Amino acid sequence: MRKVFITLCLFLVAGTGLAQAESIAELEFALNNLALLFFAVLVALMQPGFALLEAGLHNAKNVVNIFMKNIADFAVAGLAFWAVGFSIMYGAPLFLSGYTADAFPGQADFFFQLVFAATAATIVSGAIGGRMKFTAYLIFSFVMTGFIYPFLGAWQWGGGWLSELGFADFAGSSIVHAVGGFAALGAVLAIGPRLGRYTGGRINAMPGHNMVLAGLGMFLLWLGWFGFNPGSQLAFGTAADATAVADIFINTNLAASAGGLAAMFLSWMLFKKPDFSMTINGVLAGLVSITAGCDVIVGGSAVITGLIGGLIVVGSVLMFDRLRIDDPVGAISVHGICGVWGTLAVGIFGGASLGTQLIGTLSYSAAAFVAGYVIFLILKLTVGIRVTPEEEITGLDIAEHGIEGYAPEDALRNPVVLSSGAGD
Amino acid sequence: MKLITAVIRPGKLPQVKEALFKAGVRGITISRVSGHGGQGGIVEQYRGSQFVVEFHEKVQLSIAVSEPFVDKTLEAIVSAARTGEIGDGKIFVQPLDQVVRIRTGEKDNEALTPVGT
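Going down the list, the sequences are from chains H and R. All letters in the first sequence, in the order written, are residues 0 to 423 by numbering that gives the first Met the number 0. All letters in the second sequence, in the order written, are residues 0 to 116 by numbering that gives the first Met the number 0.
Chain H with its partners taken away, still in its complex shape (with noise of 0.2 Å):
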């Protein structure tokens, strides 16, 4: 009787155990879900930041078109990605149709993944401002968020030839990041330039609209940034990747403070003044150059990581004017080459191999360049890149899109009509 009883009581303890454990496990994927997708919402949060800086920084007459370009691109991607992009990167079924992760539900991922190619696409919608035909612009969207950043991204993250060379790129310095502002380099050498950007052999500045707008948008992009790296730990449900995540927020913190200081007193000594515009493309320098490494750069290395981007930036803003190459808000510069420059950080502060670190982004950057260019360029052959020299000195608003983003006076725009004429 008493061996009975125990062997009963042993089966109890051990079911609850078991239970335990289930309900642990549960609760480690919900909150991986919870977690993932909070991050992802942050990452989403970057797009209005895109919006606002490149509107900030572009002439007003453009607003309504940069807006919508980001909009769109967000949309196309939304699709796109869903579609065809996520099933060529890693291997999923298109459409999302049956996908299962094991640490999250499959949706989790493809949301946070999403997010991830939307900001690689929204990356050329500032270099190419301006001038570019709208048409155009979602064309490449949708070839940019279904086909090149896939492609691209499995080499690495779809566990592709650089995944086995052992390359390291935590959350996208050149995945997203390089990938975006180079190909962003191939849509404005297919381009030009604005009209007058560089007429009397000069570089004309063609300042933006309103520095608030672009300062807001800075800020969105910093603070969403915390979704973006933090979140690419894919793993929150233990107290080690708990801490690692914490961890990521610091020394992304400690980069995007660094490369904004670092941006502020170089534009001050050059320019004896602390130049606004060149703060922000340091911020976010910063955030690019370790991006690559942010979970494995830290303290010290990340600042100066953070520091030399906010560095390097400048000095391209400004070398790609002596080049006559028009990037109305710094994507290249601070995108292509600072993206370039955190995925080599990590073989120097981070301890991967600077030889696999080269080779790594060198192919990320010089295939979006190609692909971009000639993306483009097969888009000038047949629909057309660019607005007439008349669209552009209207403003893309009224060409592009039949209204103002500035209403004037009301009174101009709406007449009162006090009374319709014969017979009311």
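To be clear, the hints were calculated from the coordinates, so they are not data collected in a lab. These numbers were taken from a predicted model, which means no experiment stands behind them. Ideal Cβ placement from N, Cα and C applies to all residues, glycine included. Take these hints with a grain of salt, some might be off.
[What the hints assert, rightly or not] The list that follows gives simulated cross-link-like pairs (lysine to aspartate or glutamate, DMTMM-like), each with its CA atoms no further than 25 Å apart:
{"#": "1", "chain 1": "R", "residue 1": "LYS16", "chain 2": "H", "residue 2": "GLU391"}
{"#": "2", "chain 1": "R", "residue 1": "LYS89", "chain 2": "H", "residue 2": "GLU408"}
{"#": "3", "chain 1": "R", "residue 1": "LYS11", "chain 2": "H", "residue 2": "GLU408"}
[What the hints assert, rightly or not] Computed Cβ-Cβ distance ranges for the label pairs, DEER-style:
{"#": "4", "chain 1": "H", "residue 1": "GLN106", "chain 2": "R", "residue 2": "PRO13", "range": "51 to 59 Å"}
{"#": "5", "chain 1": "R", "residue 1": "THR103", "chain 2": "H", "residue 2": "LEU222", "range": "51 to 59 Å"}
{"#": "6", "chain 1": "R", "residue 1": "VAL114", "chain 2": "H", "residue 2": "PHE270", "range": "24 to 32 Å"}
{"#": "7", "chain 1": "H", "residue 1": "LEU317", "chain 2": "R", "residue 2": "LEU2", "range": "38 to 46 Å"}
{"#": "8", "chain 1": "H", "residue 1": "ARG321", "chain 2": "R", "residue 2": "VAL51", "range": "42 to 50 Å"}
{"#": "9", "chain 1": "R", "residue 1": "SER48", "chain 2": "H", "residue 2": "ALA241", "range": "53 to 61 Å"}
{"#": "10", "chain 1": "R", "residue 1": "GLY86", "chain 2": "H", "residue 2": "ILE402", "range": "17 to 25 Å"}
{"#": "11", "chain 1": "R", "residue 1": "GLY10", "chain 2": "H", "residue 2": "ALA241", "range": "56 to 64 Å"}
{"#": "12", "chain 1": "R", "residue 1": "ILE29", "chain 2": "H", "residue 2": "THR198", "range": "19 to 27 Å"}
{"#": "13", "chain 1": "H", "residue 1": "GLY350", "chain 2": "R", "residue 2": "GLN44", "range": "54 to 62 Å"}
Got chain H sorted already, so can you dock chain R onto it with the hints?
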């Protein structure tokens, strides 16, 4: 002395300013105005309806000049601001009674002589 008021396209302002400086005219006041002469309105669209904005953005320059400079000024503005399309603008010349430079109290022709000449 005359007060010359010119309404021109905003995009032509840099060229007009250059032409005026070359002609020796440096004192210019600018306002942003909206105007309508012969140009048609711009058709815009909003949520299924269209509307017309009749008044186009223009820039208005106010320039006070002494008699010898009147013709030079008109020529400078016309040659720099003309595109040949409707909407190039107009220039109005009015007689001017007195001019005072606030900083020094100089009057009339002395007040109109640019600083440093």
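Hint check results:
no.: 1; hint: R/LYS16 x H/GLU391; verdict: holds (22 Å)
no.: 2; hint: R/LYS89 x H/GLU408; verdict: holds (23 Å)
no.: 3; hint: R/LYS11 x H/GLU408; verdict: holds (23 Å)
no.: 4; hint: H/GLN106 x R/PRO13: 51 to 59 Å; verdict: holds (55 Å)
no.: 5; hint: R/THR103 x H/LEU222: 51 to 59 Å; verdict: holds (55 Å)
no.: 6; hint: R/VAL114 x H/PHE270: 24 to 32 Å; verdict: holds (28 Å)
no.: 7; hint: H/LEU317 x R/LEU2: 38 to 46 Å; verdict: holds (45 Å)
no.: 8; hint: H/ARG321 x R/VAL51: 42 to 50 Å; verdict: holds (45 Å)
no.: 9; hint: R/SER48 x H/ALA241: 53 to 61 Å; verdict: holds (54 Å)
no.: 10; hint: R/GLY86 x H/ILE402: 17 to 25 Å; verdict: holds (21 Å)
no.: 11; hint: R/GLY10 x H/ALA241: 56 to 64 Å; verdict: holds (58 Å)
no.: 12; hint: R/ILE29 x H/THR198: 19 to 27 Å; verdict: holds (22 Å)
no.: 13; hint: H/GLY350 x R/GLN44: 54 to 62 Å; verdict: holds (57 Å)
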